[in-house]
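Chains as they are written, first to last, in my numbering: chain A, 4 to 294; chain B, 5 to 148.
There may be inaccurate statements among the hints.
[What the hints assert, rightly or not] For lysine-lysine, the following DSBU-like pairs were computed, each having C-alpha atoms within a straight-line distance of at most 35 Å: (1) LYS66(A) x LYS142(B); (2) LYS66(A) x LYS6(B); (3) LYS66(A) x LYS140(B); (4) LYS10(B) x LYS66(A); (5) LYS140(B) x LYS10(B); (6) LYS140(B) x LYS6(B).
Treat the hints as calculated values from the structure; they're not laboratory data.
Just so we're clear, the structure is a prediction, and the values are computed from it rather than from any experiment.
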Amino acid sequence: MNLTHAILAALLYIVAAPVLAGLLAGVDRIISARMQARIGPPLLQPFYDLFKLFQKERIAVNKTGHFFLLGYLLFTIIAGVEFFIGGDLLIVIFALALGSVFFVLGAFAAGSPYSHIGAERELIQLMASEPMLILSAMGFYVATGSFQVHDIWSRPDLLIVILPGMFAGLVYVLTIKLRKSPFDLATSHHAHQEIVKGITTEFSGPYLAVIELAHWYETILLLGFLYLFFAPWPWLAVLALAAVYFLEILADNTNARLYWQWVLRSSWIFTAVAGAGNLVVLYYLSRGGTP
Amino acid sequence: MKLFQKSPWIIHYDGASCNGCDIEVLACLTPRYDVERFGIINTGNPKHADILLITGYINEQSQPVVRTIYEQMPEPKVVVAIGICATSGGIFRECYNTKGGVDSTIPVDVYVPGCAARPESIIDGVVQALAILERKKKEMAARP
Ligand code: SF4
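Next up, chain A with everything else stripped away, as it sits in the complex (with noise of 0.2 Å):
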């Protein structure tokens, strides 16, 4: 990919990733509320609540905190712009994983409780979900032989067909990161009280704006990550995502919320399972002179 693909790339996704995201988080929206015999809000609500926590007064709990944020909206945007520009897949993963630990310390920085318990449970589902997608990066190499998603994404063969236990982990993993129920323990994309609210308790107005801002470059970007399983296909890509994404609200409605050390166990077991099982099938595979 030359400098001017790269640049117009990168400048998509930051404009079009937050109108994508936004878009589907009123999906997601309206169809969690059909299943629960509602009628939901309009398509756009999403935009109306982040523009009006915008507008919302400036109250500064801690300064500190604040910085820390940005650092979470600008590491989330360089992981995307790295994936979307074709760069190298393992310094989307660390350079995501460092966005989250900049969340993590902006709920630290402030006093409450809340906030810290939030905090920690933030940094449990980040040991959760972390294994698995440095493992999908794994699998990618043994898969392709390069770390480049340019590579990987413009290879001819379906990576679904030797890669179906990463692309079932990384869905799995997926609902930790939306944030969705059973796994939602630091913060919900509903409206909740205290400790499920956690990581977001202390922020107000434009501060909780910047955290939903910086999920919905997340969100993109993760669903990139699955779109690479089915790159040659793109109309399948788009259905395989949009089955992905609605299981996810299926799961989100019908689910209870998991204690933390459920979380834990499952996502490693699972990770252990489908992703490192794929991993040494692959492996062996290989080695046999079979791709």
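Given chain A, work out where chain B with the ligand should sit, using these hints.
Relative to the frame of chain A, chain B with the ligand by itself:
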């Protein structure tokens, strides 16, 4: 665009009462009334909320709590007092511990009558509060 009218987030607190009005407030969130149609969300966090719904009267113990919640809400914000208890103390007015209605402690923008207030009138009260919220936002923007 009148964003505050499209995305009013609510926090609900009960000063002290029979809980009748609380149940009516929660009824607004159920499929029958579904206030999320109007973008209304019950946040449960004063720092995220635009509208404070208070049911029940104010007593010695709830007064500092109500004051704290009010002060933690970022501007612009409005207060809706729901039910006769919240308006004036209602049937608890003569009790030894009663301070009075919500306006004994914080400024109230809309009073919703009823014992218990019906979900329809609660929603109506919130809709009236939205106009006030929008006005307060303009005043806030005009301030230096
Ligand atoms: S107004 Fe009536 S129903 Fe409402 S809290 Fe007071 S006593 Fe209960």
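| message | Just to be careful, I want the Cα atoms of LYS66(A) and LYS142(B) compared with a cutoff of 35 Å; is the pair within it? | response | Holds - the C-alpha atoms of LYS142(B) and LYS66(A) are around 26 Å apart, at most 35 Å.
| query | Hey, LYS66(A) versus LYS6(B), does the alpha-carbon distance stay inside 35 Å? | reply | holds (29 Å)
| query | Does LYS10(B) pair with LYS66(A) here, judged by a C-alpha cut-off of 35 Å? | reply | OK: LYS10(B) and LYS66(A) at ~29 Å, within 35 Å.
| task | Below or equal to 35 Å on CA atoms is what counts here, so check LYS140(B) against LYS6(B). | result | holds (12 Å)
| field | Restraint check for LYS66(A) with LYS140(B), where alpha carbons must lie at most 35 Å apart | value | holds (26 Å)
| field | LYS140(B) paired with LYS10(B) [C-alpha distance capped at 35 Å] | value | holds (15 Å)
Of the numbered hints given earlier, the model fails none.
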